[in-house]
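Keeping the supplied structure of chain A fixed, place chains B, C, D, E and F upon it in accordance with the hints.
Number of protein chains: 6
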Amino acid sequence: MTLDAYRITDEPYYRPAGEEIAIFEAAWRERLPVMLKGPTGCGKTRFIEHMAWKLKVPLITVACHEDMTASDLVGRYLIDETGTVWHDGPLTLAVRHGAICYLDEVVETRQDTTVVIHPLTDARRILPLEKHNELVRAHPDFQLVISYNPGYQSAIKDLKESTKQRFCAIGFDYPSHEVEAAIVAQEAHVAPEIARQLVAIGTRSRNLEGHGLAEGASTRMLVHTGRLISQGLPMGQAVDTAIVMPVTDEPDVRAALSAAVQACMNP
Amino acid sequence: MTLDAYRITDEPYYRPAGEEIAIFEAAWRERLPVMLKGPTGCGKTRFIEHMAWKLKVPLITVACHEDMTASDLVGRYLIDETGTVWHDGPLTLAVRHGAICYLDEVVETRQDTTVVIHPLTDARRILPLEKHNELVRAHPDFQLVISYNPGYQSAIKDLKESTKQRFCAIGFDYPSHEVEAAIVAQEAHVAPEIARQLVAIGTRSRNLEGHGLAEGASTRMLVHTGRLISQGLPMGQAVDTAIVMPVTDEPDVRAALSAAVQACMNP
Amino acid sequence: MTLDAYRITDEPYYRPAGEEIAIFEAAWRERLPVMLKGPTGCGKTRFIEHMAWKLKVPLITVACHEDMTASDLVGRYLIDETGTVWHDGPLTLAVRHGAICYLDEVVETRQDTTVVIHPLTDARRILPLEKHNELVRAHPDFQLVISYNPGYQSAIKDLKESTKQRFCAIGFDYPSHEVEAAIVAQEAHVAPEIARQLVAIGTRSRNLEGHGLAEGASTRMLVHTGRLISQGLPMGQAVDTAIVMPVTDEPDVRAALSAAVQACMNP
Amino acid sequence: MTLDAYRITDEPYYRPAGEEIAIFEAAWRERLPVMLKGPTGCGKTRFIEHMAWKLKVPLITVACHEDMTASDLVGRYLIDETGTVWHDGPLTLAVRHGAICYLDEVVETRQDTTVVIHPLTDARRILPLEKHNELVRAHPDFQLVISYNPGYQSAIKDLKESTKQRFCAIGFDYPSHEVEAAIVAQEAHVAPEIARQLVAIGTRSRNLEGHGLAEGASTRMLVHTGRLISQGLPMGQAVDTAIVMPVTDEPDVRAALSAAVQACMNP
Amino acid sequence: MTLDAYRITDEPYYRPAGEEIAIFEAAWRERLPVMLKGPTGCGKTRFIEHMAWKLKVPLITVACHEDMTASDLVGRYLIDETGTVWHDGPLTLAVRHGAICYLDEVVETRQDTTVVIHPLTDARRILPLEKHNELVRAHPDFQLVISYNPGYQSAIKDLKESTKQRFCAIGFDYPSHEVEAAIVAQEAHVAPEIARQLVAIGTRSRNLEGHGLAEGASTRMLVHTGRLISQGLPMGQAVDTAIVMPVTDEPDVRAALSAAVQACMNP
Amino acid sequence: MTLDAYRITDEPYYRPAGEEIAIFEAAWRERLPVMLKGPTGCGKTRFIEHMAWKLKVPLITVACHEDMTASDLVGRYLIDETGTVWHDGPLTLAVRHGAICYLDEVVETRQDTTVVIHPLTDARRILPLEKHNELVRAHPDFQLVISYNPGYQSAIKDLKESTKQRFCAIGFDYPSHEVEAAIVAQEAHVAPEIARQLVAIGTRSRNLEGHGLAEGASTRMLVHTGRLISQGLPMGQAVDTAIVMPVTDEPDVRAALSAAVQACMNP
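Protein chains in written order, with this note's numbering: chain A, 128 to 394; chain B, 128 to 394; chain C, 128 to 394; chain D, 128 to 394; chain E, 128 to 394; chain F, 128 to 394.
In isolation and in its complexed conformation, chain A is listed as follows (with noise of 0.2 angstroms):
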């Protein structure tokens, strides 16, 4: 198997936000390993499958989550239709060919997973396969790249502080007004005046977090309610329905948040 699968072809949709590319590039060159820092839906996604294919290397993505073993990620021996044979997990896929490795939430693994990236992120660069017999040395391609949500960790899980202080960080947060604008327009087919009044209704969103709301409207609800648009519904119930309705269950926040896309609408 190749990673020829995994290769982007065509540019991802990226509007950088600051330096973040000229970090992330001197750390791919000394193939430091990575972490990306940002609240949900801010593009963190997007931007490590926009360096990838700058960069031209594969990108495996791994979404993490807290039933996932060190063997999901390494390999194991499979029964399949032709017997018993190993199979290389997405982890060693990356090591083995060369590609950057992206474990996308990896705070939500147990610890064993975590344990099993740190040879990777030393001098060392090996991963160790007990159960194949087998020490593989990373392909010089290979980098290590993890995203991380400071607001979902609690004191009972978090990355270890052994582990964080393998990793350069780069912190990212909602773009500008301008530039979400036009992220919008691009990515919903919506005119600019649509976008910015849905950008305008993210940001009223994003002021009522913590007085009722968890999270304000990312950016890609605001591309959803663009799409919606474009299909023929009103803005009111376009907003409705993919902001309003999917963040708020108890009904005075939800009256909060539609008084504030309201005066958005109608300035």
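Watch out, some of these pointers could steer you wrong.
A pair holds if it fits inside one copy or across any two, identical chains being indistinguishable in the list.
Distance condition first, Cα-Cα at most 20 angstroms in a straight line; then the derived SDA-like pairs of lysine to any residue [stated by the list, open to error]:
1. 183 x 158
2. 164 x 300
3. 181 x 358
4. 181 x 149
5. 183 x 142
6. 258 x 212
7. 164 x 288
8. 183 x 148
9. 164 x 321
10. 258 x 205
11. 164 x 149
Since the hints were derived computationally from the structure, they do not count as laboratory data.
Just chains B, C, D, E and F now, with coordinates in the frame of chain A:
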């Protein structure tokens, strides 16, 4: 295996309460993921069956529960009479061949399941089958729909914000008196007058919610009552059997509910 | 495998206490799911055996417990002497071939089990066997019956509202003195006078419920006592062995119970 | 496999304390399930061995524990040298071929075990082997006996009322001084005078129960002490080794116990 | 497999502190189960090795831990290069062929393990191998010995009374100064004067128990210190490496311990 | 399989801070088990690599984690392409063929692992492979080394005293300013002046420990910073990326850390 067994050939009876059909159709045209929100037994399952029939797309329903794993959705190697074979799970069937996949009460499942649906709910529309060495790109007719009952969530068991934000949401509630009476008459084969009386009883019981009753009588329970009446039981016995007894264990709550019922039967 | 082994050929002795037989027959004609509610040992199991005999339909009883999984009900591939074979579970047997499936104390099981029965309890009447690639439509003679002891439920272990609402419910309680004495005389082969004395003892013990005794003597225990008497034990020793000793560990509760018993024996 | 290995050929030494033999024989003639209640080491196991010998019925003893599952009792398919074979568990052996099945400390097991025995303890007397596609009807000589130590139960681990009510119960306690001395002399091969001294020591230790000692010396411990004496140890050392050291870790409890012992040895 | 590998051919060095050898020999002649009680590293393992050598009986030692199951002790079917074979566990080896089976820190295991040893510790002396369809009667040379450290037990993890009562118990403590100095000199190849100084240090450290130190230096640690000295390390460095550093993390406890040590080295 | 792959052929760069090399060599000559104690990233792994190179003995490193089992260390039967084969785990490889086995953060594992190493850490030096029917005596070149970070232990997760007492311990801490600057210059290829500035920043950050920072910057992080500088990033950006961002989520801790950094850069 084709999905023909999952096509709905007879129009499921559905009485719209608002704009839900137009909103769903807009989301379908954009293939946006949709969340149906609302209380028990108010018609969410019937609605999605109606939409699948209307859009002429197969419907694969999965009743989620807390012991469900990602493999239950995605598939696994099974040992059957013919040896080891790969077996697509219901989600993979829908993704590969084009169907609406309806995950009922998805919040019951563990996180590994919600993580599995993430790459299907953004621009990528892919499903990685890591154990089968395959990356399935979604069929153009694939759409993901989930149900969500806000009254059931708790602090320890709720959808993550990063999941909720990926869905458009449509709200459902009990139908209006008129609509509900029409449904009961149609489904239980009882006279309109009896249906109206049953709806009045249902409405009374819903007013007792929070006063000892966890939930009032659903439309489904009113239909059950009607069916017992159509089999010759007196209304009092039918109401007792299909409404009062199932939802109450406490004698005084039962008394309050019976009094409310009595008031409806002898107006 | 046919279900003949599950047919009940001899009439099980059952003394009705109210309209329960007529109600059950109406629910059966509509094939509505039924919940039998009531305390331990008051005759729920005997009732369903009687109804199965009366309706001439096989009865498959499953004693539920907290380690029971959906596979225990639905079936699984088993490796037996002949290789790998699919093995229908008891629920699937009933659904496929037509029987009353009686899930005794269903609240003990885990949620995956209750979710499995949902599509069998609404208009769909289907049972998806995902691992067997099969969607079983219920035989016309299939009916689902569950038992439920309200006294045993707790906040953490109760049927979900969305499950309860799918069932008609019939309430059971201890039989009247006369009926119970007839049962005891019939089943323990003792004289009517002795049966009446035993019923008086049972009634006394039930009055002690909540005063140190979790539950009073069930009809079953009165029958046991009678059977020991019929084997020649003096009544005092028989009552002690079959009633007092099994239900009490605390000396003063035992004394109170013994005093109550004594009062019945020397009226 | 026959049950001959489970027949008891030599009369086990047993000194009755009351009517327990007559009561058990009455229950046996009716094949009623029996519960033996009483503290540790007071002779419950010896009693059931004696009764099995007296009634000439094989005895299958199962020491229950909290990791025991229903399959451990009922049986399972095992892969052994000859391939896959069904293996009857100890309960099934007793049910199928006719034996007393004695479940020692049944309260330790999980609920799935107690549920398994329910259909064996009422009029049905059946054992469904679902995985073996078989419904075993109990052999006429099958009887179920369990032991139960009330002092060990707690709120979270107790037999359910619906289980307790299925059993007749016989109470056990430490034997009288005379009986116990006879037992000690007989089993430890010591002179009656020494046996009487040991019983006095045992009685003293039981008076310390609840004053730092969880339990006093059982009859078994007195026998152990006698056996060490018969091997030439001085009585003080023997008492210390077989009674004082095993039951106490706290120095002052040990001192109190030693003083009590001393008082018995130098009366 | 014979047990020759488990025979101890060279006399293990052991200095008795009291009557423990005579007591153990009496228990051995009666084949009574024995419990060795005492703190960490005070010589329990060495004692049982000495007794096994003296009695010329093989010794099978099992280090117990909380993940150990009954199968680990008793045996299981294993799939190895030659197919499926039954594999006797260490306890079964001892029972079948005659050996002392020494369960070190048995309290760590789960209850299923302690239940397994019950029928081996009373008159029956049998071990039922249910999965192997076999009932092993103990070899005449089988004896069960367990170790138990009272300081480690807690309310939630302790031997059940019904288990403790089955054992004779022999208490162990740190040896006297003289005996300990002889042991250290013998095992570490150091001069008697150095051995005496090390014993003085050990005694001081034990006085700090409960004042920040969980346990003082064991005899084993004094031997380690001596061995480092015999390799040329200065005594201060050797004491620091083998005593102070391993047992203390808190700076002030370390200071107190170092001061105590210093006082011994410059008397 | 030989252990050649585990030999270290190039001298790992290591700057001693005290007598740790002499102490380790004395322990090695006696083959005493050694514990390396100290905080994250201060050079314990590098030290053991250096010692293995110096002593010309293979080094097998195992990163421990809480899901690791005894089988992961010791070995198991695996089914691979050729059938069932026994597979030595990393500890068994070291014991059998002679190597230093380094268990990194051993406290993370479960108790079954620590119990496995006990018979390797006393006079016996044996490893029982119960499932392989084998008792491996340690190769003369086998030595066991573990690491231990006192700051990470808690009441519920710590090495047992009976384990700690089996090890000699050597303490590690951050290197002196001079030594650390030499390390940074050497490993990051930066000028000595920059290395000194980075060490000053590291020292400042360690002073913030306990004031919002769990741990200050390790030597490893200073090297990372230097490597980013050597790739052309300005020092401020490099420090932010490799030190500030990875260890802080709280804005005010980040501000305090940035101020401290600023002070070092503009002295």
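Hint by hint, here is what the structure shows:
For a Cα distance limit of 20 angstroms, the shortest separation of residue 183 from residue 158 inside one copy, 15 angstroms, qualifies, whereas the shortest one across copies, 30 angstroms, does not. Only within a single protomer do residue 164 and residue 300 lie at most 20 angstroms apart by alpha-carbon distance; the minimum there is 9 angstroms, versus 30 angstroms between protomers. In this homomeric assembly, residue 181 and residue 358 come within 20 angstroms of each other (Cα to Cα) only across copies, at 18 angstroms, whereas the closest approach inside a single copy is 33 angstroms. Taking CA atoms no more than 20 angstroms apart as the test, residue 181 paired with residue 149 passes inside one copy only; the shortest distance there is 12 angstroms, against 41 angstroms between copies.
Within a single copy, residue 183 and residue 142 get their C-alpha atoms as close as 18 angstroms, which meets the 20 angstroms cut-off; across copies the closest is 39 angstroms, which misses it. Taking the closest pair of Cα atoms, residue 258 and residue 212 come within 20 angstroms of each other both inside a single copy (12 angstroms) and across two copies (11 angstroms). Proximity of residue 164 to residue 288 under the C-alpha cut-off of 20 angstroms is found in both arrangements, the shortest distances being 15 angstroms within a copy and 16 angstroms between copies. Taking the closest pair of Cα atoms, residue 183 and residue 148 come within 20 angstroms of each other only inside a single copy of the chain (14 angstroms); across copies the shortest separation is 44 angstroms, beyond that limit.
Taking the shortest Cα distances, residue 164 and residue 321 never come within 20 angstroms of each other, neither inside one copy (30 angstroms) nor across copies (27 angstroms). Within a single copy, residue 258 and residue 205 get their C-alpha atoms as close as 12 angstroms, and across copies as close as 8 angstroms, so both meet the 20 angstroms cut-off. Taking CA atoms no more than 20 angstroms apart as the test, residue 164 paired with residue 149 passes inside one copy only; the shortest distance there is 16 angstroms, against 39 angstroms between copies.
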